[in-house]
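K.L.:
The residues making up each chain are set out below.
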Amino acid sequence: MKQNSYLDNLEKEAIYILRETAAQFENPALLFSGGKDSIVLVHLAIKAFRPGKFPFPLVHIDTGHNFPEALAFRDKLVKSLDEKLIVASVSDSIKKYNLKETTGRFPSRNSLQAYTLLDTIEGYGFDACIGGARRDEEKARAKERIFSIRDDFGEWNPKLQRPELWDIFNGRTQKGHNTRVFPISNWTELDIWNYIENNNIELPSLYFSHQRECIKYNDKLIGVSEFTPALDTEQVVNTRVRYRTVGDMTCTAAIASEALSVQDIIEDIKNSRISERGQTRLDDLLSESAMEDRKKKGYF
Amino acid sequence: MQTLKFITAGNVDDGKSTLIGRLLYDSNSISTDHLGVLASKNEIGQDTIDLALITDGLRAEREQGITIDVAYKYFATQRRKFIIADSPGHHQYTRNMITAASVSDLIILLVDIRKGITQQTKRHGLIASLMGIKNVIVALNKIDLENYSENKYNQVKQDFEDLKKQLGFLSVNYIPISALNGDNIVEKSSNTPWYTGKPLLEILETIDIDKQDQNNARFQVQLIIRPQTLEHLDYRGYAGAVLSGEYKMGDSVRILPSNLTANIIKIEKDLALVDKAVATDNIILHFDSDLDISRGDTIYVDNQKAPLISNTISSWLSWLDTQELQLGKTYILQHRFHSVRVKVTAIEKKWDINTLEFLDSSKVELNDIAKVSLQTNQALHFDSFLDNPKTGNAILIDETSFNTVGALMFL
Chain A
1 MKQNSYLDNL EKEAIYILRE TAAQFENPAL LFSGGKDSIV LVHLAIKAFR
51 PGKFPFPLVH IDTGHNFPEA LAFRDKLVKS LDEKLIVASV SDSIKKYNLK
101 ETTGRFPSRN SLQAYTLLDT IEGYGFDACI GGARRDEEKA RAKERIFSIR
151 DDFGEWNPKL QRPELWDIFN GRTQKGHNTR VFPISNWTEL DIWNYIENNN
201 IELPSLYFSH QRECIKYNDK LIGVSEFTPA LDTEQVVNTR VRYRTVGDMT
251 CTAAIASEAL SVQDIIEDIK NSRISERGQT RLDDLLSESA MEDRKKKGYF
Chain B
1001 MQTLKFITAG NVDDGKSTLI GRLLYDSNSI STDHLGVLAS KNEIGQDTID
1051 LALITDGLRA EREQGITIDV AYKYFATQRR KFIIADSPGH HQYTRNMITA
1101 ASVSDLIILL VDIRKGITQQ TKRHGLIASL MGIKNVIVAL NKIDLENYSE
1151 NKYNQVKQDF EDLKKQLGFL SVNYIPISAL NGDNIVEKSS NTPWYTGKPL
1201 LEILETIDID KQDQNNARFQ VQLIIRPQTL EHLDYRGYAG AVLSGEYKMG
1251 DSVRILPSNL TANIIKIEKD LALVDKAVAT DNIILHFDSD LDISRGDTIY
1301 VDNQKAPLIS NTISSWLSWL DTQELQLGKT YILQHRFHSV RVKVTAIEKK
1351 WDINTLEFLD SSKVELNDIA KVSLQTNQAL HFDSFLDNPK TGNAILIDET
1401 SFNTVGALMF L
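In order, the protein sequences belong to chains A and B.
Using my numbering, the first residue of the first sequence is number 1, and each one after it goes up by one.
Using my numbering, the first residue of the second sequence is number 1001, and each one after it goes up by one.
It should be emphasised that the hints constitute simulated quantities derived from the structure, not laboratory data.
Hints may contain errors.
Cβ-Cβ distance ranges computed for the label pairs, FRET-style [to be verified]:
id, chain 1, residue 1, chain 2, residue 2, range
1, A, SER91, B, SER1027, 28 to 34 Å
2, A, ILE201, B, GLN1002, 44 to 50 Å
3, B, ASN1181, A, LEU160, 36 to 42 Å
Footprint (simulated), chain B over chain A, 3 or more residues, beta carbon under 8 Å [what the hints assert, rightly or not]:
id, stretch
4, 25-37
5, 176-188
6, 219-231
Note that CB positions come from ideal geometry on N, CA and C, so glycine has one too.
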């Protein structure tokens, strides 16, 4: 166990934060995307709260452009947990607010998710939302607190952020404000995979190498789907790929890979010099501050 | 593998950003896509990386003219994982540094060797000492600009040795570096053959940070777990983290504030039963009698030294808010899981951040560090911060804005 003392410490920190969230908030929720980070969060919640039930529902902000494998996995997981799942639909928000879809090839509903998330927070009266964001992902996230305050508009305002000292967390939240809680802030992508390996955590099949028809788009591979049919002018290849991140089908790129096991993926990541979001998220490549801009609008 | 958390502190132009950039860059921790943003062509058309840009701020910070107090950077080598708590900028520097120091095991004090030990260096050393940081690396930067002079190095080193005696650090390492050129960062530099120590990264990889926890057993109740399901009808467990010491099956414990005793009949950890739990373990405790126990109650092993129990406390206070401290106003004091109402009744003395002397003062403002007297509405059960950094600290919260306005280290 000495070998993995850092994973133990990360796990301890996350369980401590989850329990602190349960103790300090009246009505928290856990934002569950079906990706590896939120699956790890669920696993940590089991360790934090069993034999009790989770003191929060799982909330999935469904963009309508999800991978079917991720949705199937979500439903299977929730059933085996016997916990409550709330699915909020971005398509409903688009109709309700007459939102304009993002244009261009491979548009993303990422920025529209904020509307659904904020409506859901308000509708259910959630005072805290637990998310699987990690500080190593992106520079706007590098400055995120573990308990991060959002204002009435869901906006992440740097001036609103409180100093966070030691492991004493101040979750007192003004009415109308919402606190986002990030228990795995200090985990890196590699930590997540090592933890998945050590704890035998099951993941959607998308994360492992499989055969898929993909559009070659610049240097990226985008899976052909009902949301992303190939254009006549585009080159389609049938190849072995896996997904390094699982976002929307419309904006998440696959990577060529033969990695069939978690162990293989860990080796892949150790040898990779490109960041996970940089490699696979078309939405983050829009500008240098794409994530910061989305966070300001209420994104995770 | 262990994780080392550290902070870097220095004057604005001492090369802090360059040093952090250098560590991340030379340990291959910067993704190629992130490097692309940092690369530019120099005048003769070569690709160069501006190392300082790696720690660059957000647009919101530039627009609002503020710095978010701490940015976290991660890197790893074969031997260790590292978390840098980077507190940028000179605005609100004390506040930022205290926040970063509170989560760090080690501090790199960056000194421009041309300027030597400045007031700022002393201040950073004092803050680190106040926050209980035991390990210090004094990095004497820009040694290239002093022609890699051993004499100059020895001179500045001696100046810090004199200061060190007052600060109570466990270990102080000195190292001559050039963050810009990479001297003594990852590999020993041939420019400083007289330097017999390790390069910076190797010190970070090997320095002993195993905390010898010899403290008395302390546990605060974080959360009460009561499933109230058919299967677990009578289940009632007290969840929390062991803050110090150890708890064993059968231990007789005393619970504060009720002052009742009970025996531990079950310890759960990671969904399994264990005989013993040690500091930092998240556990669920079960007792042989039904007691009225609430979140924030302290549970300690009965035959060990009891925590201090008092309504009046003398404490260091680091003030973090733009509005000054109001004597006599009620604040919330959050002592980990236990919150009480508190008034600061007196400012005993204030530390002058520029002269580093103690003064009489009636005001405590942003970035000030003062010794104060506290009066709480309910007794706290605590230890002095020097004795036990897990039970000797608390935060002050404004009752209406809910902002965290102060950090307390009990005396």
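K.L.:
Compare the structure with each hint and give your call.
P.N.:
For each hint, the structure was consulted:
1. One distance hint, 28 to 34 Å for the beta-carbon pair A/SER91 and B/SER1027, is violated here, with the actual separation near 45 Å.
2. Restraint check, A/ILE201 to B/GLN1002: a C-beta distance of roughly 23 Å breaks the suggested window 44 to 50 Å.
3. A hinted range of 36 to 42 Å holds for the C-beta pair B/ASN1181 and A/LEU160, which are about 41 Å apart.
4. Against chain B, the stretch 25-37 of chain A contributes 0 residues with a C-beta closer than 8 Å to a partner C-beta. That does not satisfy the three-residue criterion, and the hint is violated.
5. Beta-carbon proximity to chain B at under 8 Å applies to 3 residues in the stretch 176-188 of chain A; the threshold of 3 is reached and the given coverage holds.
6. By the rule of at least three residues with a Cβ nearer than 8 Å to a Cβ of chain B, the coverage given for the stretch 219-231 of chain A is violated, with 0 such residues.
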